[in-house]
Amino acid sequence: MTFNYLKNYRTNIKSTNDFNSFNDSLTMVLDKGMPVSYTNNLMQIAGTYLDFLKFGWGTTIVLNEEIVTQKLEICENFDILGYCGGTLFEIAIIKNKVDELFEDLNRLGFKAIEISDGSLDLNRDEKLEYISLAKKKGFYVLSEVGKKDLQKDNAIDLDSRISFINEELNAGSQKVIIEARESGKGIGIFDDGGNAKVNDVNAISEAIDANNIIWEAPNKNQQVFFVKQLGSNVNLGNISPNDIISLETIRQGLRGDTIDLLF
Amino acid sequence: MTFNYLKNYRTNIKSTNDFNSFNDSLTMVLDKGMPVSYTNNLMQIAGTYLDFLKFGWGTTIVLNEEIVTQKLEICENFDILGYCGGTLFEIAIIKNKVDELFEDLNRLGFKAIEISDGSLDLNRDEKLEYISLAKKKGFYVLSEVGKKDLQKDNAIDLDSRISFINEELNAGSQKVIIEARESGKGIGIFDDGGNAKVNDVNAISEAIDANNIIWEAPNKNQQVFFVKQLGSNVNLGNISPNDIISLETIRQGLRGDTIDLLF
Amino acid sequence: MTFNYLKNYRTNIKSTNDFNSFNDSLTMVLDKGMPVSYTNNLMQIAGTYLDFLKFGWGTTIVLNEEIVTQKLEICENFDILGYCGGTLFEIAIIKNKVDELFEDLNRLGFKAIEISDGSLDLNRDEKLEYISLAKKKGFYVLSEVGKKDLQKDNAIDLDSRISFINEELNAGSQKVIIEARESGKGIGIFDDGGNAKVNDVNAISEAIDANNIIWEAPNKNQQVFFVKQLGSNVNLGNISPNDIISLETIRQGLRGDTIDLLF
Numbered sequence: 560m561t562f563n564y565l566k567n568y569r570t571n572i573k574s575t576n577d578f579n580s581f582n583d584s585l586t587m588v589l590d591k592g593m594p595v596s597y598t599n600n601l602m603q604i605a606g607t608y609l610d611f612l613k614f615g616w617g618t619t620i621v622l623n624e625e626i627v628t629q630k631l632e633i634c635e636n637f638d639i640l641g642y643c644g645g646t647l648f649e650i651a652i653i654k655n656k657v658d659e660l661f662e663d664l665n666r667l668g669f670k671a672i673e674i675s676d677g678s679l680d681l682n683r684d685e686k687l688e689y690i691s692l693a694k695k696k697g698f699y700v701l702s703e704v705g706k707k708d709l710q711k712d713n714a715i716d717l718d719s720r721i722s723f724i725n726e727e728l729n730a731g732s733q734k735v736i737i738e739a740r741e742s743g744k745g746i747g748i749f750d751d752g753g754n755a756k757v758n759d760v761n762a763i764s765e766a767i768d769a770n771n772i773i774w775e776a777p778n779k780n781q782q783v784f785f786v787k788q789l790g791s792n793v794n795l796g797n798i799s800p801n802d803i804i805s806l807e808t809i810r811q812g813l814r815g816d817t818i819d820l821l822f
Numbered sequence: 560m561t562f563n564y565l566k567n568y569r570t571n572i573k574s575t576n577d578f579n580s581f582n583d584s585l586t587m588v589l590d591k592g593m594p595v596s597y598t599n600n601l602m603q604i605a606g607t608y609l610d611f612l613k614f615g616w617g618t619t620i621v622l623n624e625e626i627v628t629q630k631l632e633i634c635e636n637f638d639i640l641g642y643c644g645g646t647l648f649e650i651a652i653i654k655n656k657v658d659e660l661f662e663d664l665n666r667l668g669f670k671a672i673e674i675s676d677g678s679l680d681l682n683r684d685e686k687l688e689y690i691s692l693a694k695k696k697g698f699y700v701l702s703e704v705g706k707k708d709l710q711k712d713n714a715i716d717l718d719s720r721i722s723f724i725n726e727e728l729n730a731g732s733q734k735v736i737i738e739a740r741e742s743g744k745g746i747g748i749f750d751d752g753g754n755a756k757v758n759d760v761n762a763i764s765e766a767i768d769a770n771n772i773i774w775e776a777p778n779k780n781q782q783v784f785f786v787k788q789l790g791s792n793v794n795l796g797n798i799s800p801n802d803i804i805s806l807e808t809i810r811q812g813l814r815g816d817t818i819d820l821l822f
Numbered sequence: 560m561t562f563n564y565l566k567n568y569r570t571n572i573k574s575t576n577d578f579n580s581f582n583d584s585l586t587m588v589l590d591k592g593m594p595v596s597y598t599n600n601l602m603q604i605a606g607t608y609l610d611f612l613k614f615g616w617g618t619t620i621v622l623n624e625e626i627v628t629q630k631l632e633i634c635e636n637f638d639i640l641g642y643c644g645g646t647l648f649e650i651a652i653i654k655n656k657v658d659e660l661f662e663d664l665n666r667l668g669f670k671a672i673e674i675s676d677g678s679l680d681l682n683r684d685e686k687l688e689y690i691s692l693a694k695k696k697g698f699y700v701l702s703e704v705g706k707k708d709l710q711k712d713n714a715i716d717l718d719s720r721i722s723f724i725n726e727e728l729n730a731g732s733q734k735v736i737i738e739a740r741e742s743g744k745g746i747g748i749f750d751d752g753g754n755a756k757v758n759d760v761n762a763i764s765e766a767i768d769a770n771n772i773i774w775e776a777p778n779k780n781q782q783v784f785f786v787k788q789l790g791s792n793v794n795l796g797n798i799s800p801n802d803i804i805s806l807e808t809i810r811q812g813l814r815g816d817t818i819d820l821l822f
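Residue numbers (the working numbering), protein chains in the order written: chain Z, 560 to 822; chain X, 560 to 822; chain H, 560 to 822.
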């Protein structure tokens, strides 16, 4: 505790590295390809405040194996679960090589996998089977609901979205991610201006246990919205590495936008 | 001097680490939580061109004490004055623990403090007393005029804004900061598009000694505006760490936007 | 190759450090003043995927000579050609000291130079003579077509733009850069919203050998546009250092936006 004048303050320290029993707010950070040594230095200042580091979309494919291994070691040192963006799984589907992907991930040391269908058409049953299969193979499974294409995403109505989440949790997903991409605009529960659709958010969070959802919220105003709407412990994802500290202050009421939490 | 062909060029090298007698343009940089070693590396390339490093809003609270100490050491090595964003003072007001904050800052090694009321309602007299008190305690005092809430900020008319600045300087502030937040939009002297209100800027700069003001100007077009309107030596704040070098080139006419300065 | 499941995949590894005979896609990255050690760490993860590192506009002037030397060494280690933004040449024109600039660049170890007239009025013949002269002095010459001022840039019609490119290539430019600034909006082949003018792009790429052009495309949607329109190997410039890996995934169809390339 740096400041004595704030004793007994909410702290967000991770109490466990058993990723099946998180008991606090979760933060998932989007890594677009940070240098290894920067990643390590960043974790020294901010590593307490994130739980997942997503190696964005297919970036892992263009990195040297040594780089990937070093990054996963850093994750392990800071009790962070590293995993590859769902695009990697989708490419495996396209190439008809899902088994090979599982093997590659095992060899590289990834303990988690994201199962998504944001960029391709995948039969619902097939998606659920892959979730179950990945779970059976021993992976911590995150799955994602939402389409990267705006028109296709808008075609998913609210009831379907809720059903999809439930089905995927039942099939073995430990967390379901609500898609918002890196930009956070015009996708899923965000409108074209990046503003959250309050009714949709409320409906989803009434229907689903908050512990099982991660809301992608790349922009500050979205993070502020979720903290105000769903509480400091809301699970958030696609956080920029440079905003980890900022998000933690938003959660704790230490930034102007949420200072009301302290009153 | 890297380039001989530009001998006798304006240089912005800090000639003193006596922070009470700056005699040149001031640059205040907003640190949202940079890694320690990145901070050190950044200062090796850009440390000559900034004077203040603001540990943004309440970020300092969520950092380890060791991290804070290391960052302050880097500041000292590069003759930079590190201080915490005014939110920290405002939290102390809310918690009724201003004395404890002063003690914490002393213990941690902060030599400067920001007194602001951007996110809470503070009686003018009370604010001025805190400025005087902090000065008396030996701190270099920066105070901030402006509200983080757009409606509240717009309710401050120009005459009041100028009066507030004068009052705070008289009470002991060494620099008064004109609020613009991290975004620089719809606050104080910026409209919703982030464009400066020229009349307001002119009125303030005619009424107040330029040495006593720091204009928050996070965006490039704002920095260009101030350099063109008020000169290369205008004091600017909330500069992103990655824009320190860019700002210096804007000041010196070494970027397209201000190359006219060389004609 | 990190992932076995993607054997025989397009790889973009630079096969040569002979900068006169690139045979693959070129990527030019805009350096606004990265710390030296960050630059080195970034190259360890991404150095394979860029060919040019542009020391943006006049930033080199405000850096210590030691810093410049260290950065050029890093470039050399990773087979990257470092050069200074054209503003440096334009300043030399204004100061009537082009010979001195050539000497400075030689002394510092720059092997390439950018000849531009984005911020000043330079007679066409004069520009072409400087291109020839720089070539004769042994520099790898990049020249830029376009004005940083929107009105002036819009006054260049498409036919003139194509003629200018051809003239500069004939005069000795190895690559002609199509100006888009750091922002990528309202300049050259981009409209105010940052969207590419498809007809202009097509006309230019039909008239000029694709190997001889570098399109500045700072924003992701622009990079996606060029890859879809002109192919994975299109030469792109003004890429942010943090987007090098992302761009490579866009080229390879490993990000949602271009995953169609894999079908």
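Errors might be hidden in some of the hints.
Remember, identical chains collapse to one label, so a pair may be satisfied in a single copy or spanning two.
Claimed, not checked - Think about it this way: if two alpha-carbon atoms lie no more than 20 Å apart in a straight line, the pair counts; the simulated EDC-like pairs of lysine to aspartate or glutamate are:
id : residue 1 : residue 2
1  : Lys656    : Asp819
2  : Lys779    : Asp708
3  : Lys591    : Asp684
4  : Lys787    : Asp708
5  : Lys695    : Asp751
6  : Lys670    : Asp751
7  : Lys696    : Asp590
8  : Lys744    : Glu662
9  : Lys654    : Asp819
10 : Lys756    : Asp718
11 : Lys779    : Glu624
12 : Lys779    : Glu659
13 : Lys696    : Glu659
14 : Lys695    : Glu765
15 : Lys787    : Asp684
16 : Lys756    : Asp680
17 : Lys694    : Asp590
18 : Lys779    : Glu741
19 : Lys711    : Asp819
20 : Lys696    : Glu624
21 : Lys744    : Glu625
22 : Lys779    : Asp590
23 : Lys654    : Glu685
The hints are simulated quantities; they were obtained by calculation from the structure and are not laboratory data.
So, going through the hints one by one against the coordinates:
1. Lys656 to Asp819: Between copies, since 17 Å is at most 20 Å while 51 Å is not.
2. Lys779 to Asp708: Intra 23 Å, inter 15 Å, cutoff 20 Å: inter-copy only.
3. Lys591 to Asp684: Cα proximity of Lys591 and Asp684: none, with 31 Å in one copy and 44 Å across.
4. Lys787 to Asp708: between (28 Å within a copy, 16 Å between copies)
5. Lys695 to Asp751: Neither: 39 Å inside a copy, 51 Å across copies.
6. Lys670 to Asp751: neither (35 Å within a copy, 45 Å between copies)
7. Lys696 to Asp590: neither (25 Å within a copy, 43 Å between copies)
8. Lys744 to Glu662: Close neither inside one copy (35 Å) nor across copies (44 Å); limit 20 Å.
9. Lys654 to Asp819: between (51 Å within a copy, 12 Å between copies)
10. Lys756 to Asp718: Answer is within; shortest intra-copy Cα gap is 14 Å, inter-copy 40 Å.
11. Lys779 to Glu624: neither (33 Å within a copy, 26 Å between copies)
12. Lys779 to Glu659: neither (38 Å within a copy, 30 Å between copies)
13. Lys696 to Glu659: within (13 Å within a copy, 54 Å between copies)
14. Lys695 to Glu765: Cα proximity of Lys695 and Glu765: none, with 29 Å in one copy and 54 Å across.
15. Lys787 to Asp684: neither (36 Å within a copy, 32 Å between copies)
16. Lys756 to Asp680: neither (25 Å within a copy, 31 Å between copies)
17. Lys694 to Asp590: Neither: 24 Å inside a copy, 41 Å across copies.
18. Lys779 to Glu741: Answer is both: 13 Å inside a copy and 11 Å across each meet the 20 Å cutoff.
19. Lys711 to Asp819: between (38 Å within a copy, 15 Å between copies)
20. Lys696 to Glu624: neither (22 Å within a copy, 42 Å between copies)
21. Lys744 to Glu625: Answer is neither; intra-copy 35 Å and inter-copy 38 Å both fail.
22. Lys779 to Asp590: Answer is both: 17 Å inside a copy and 16 Å across each meet the 20 Å cutoff.
23. Lys654 to Glu685: within (15 Å within a copy, 55 Å between copies)
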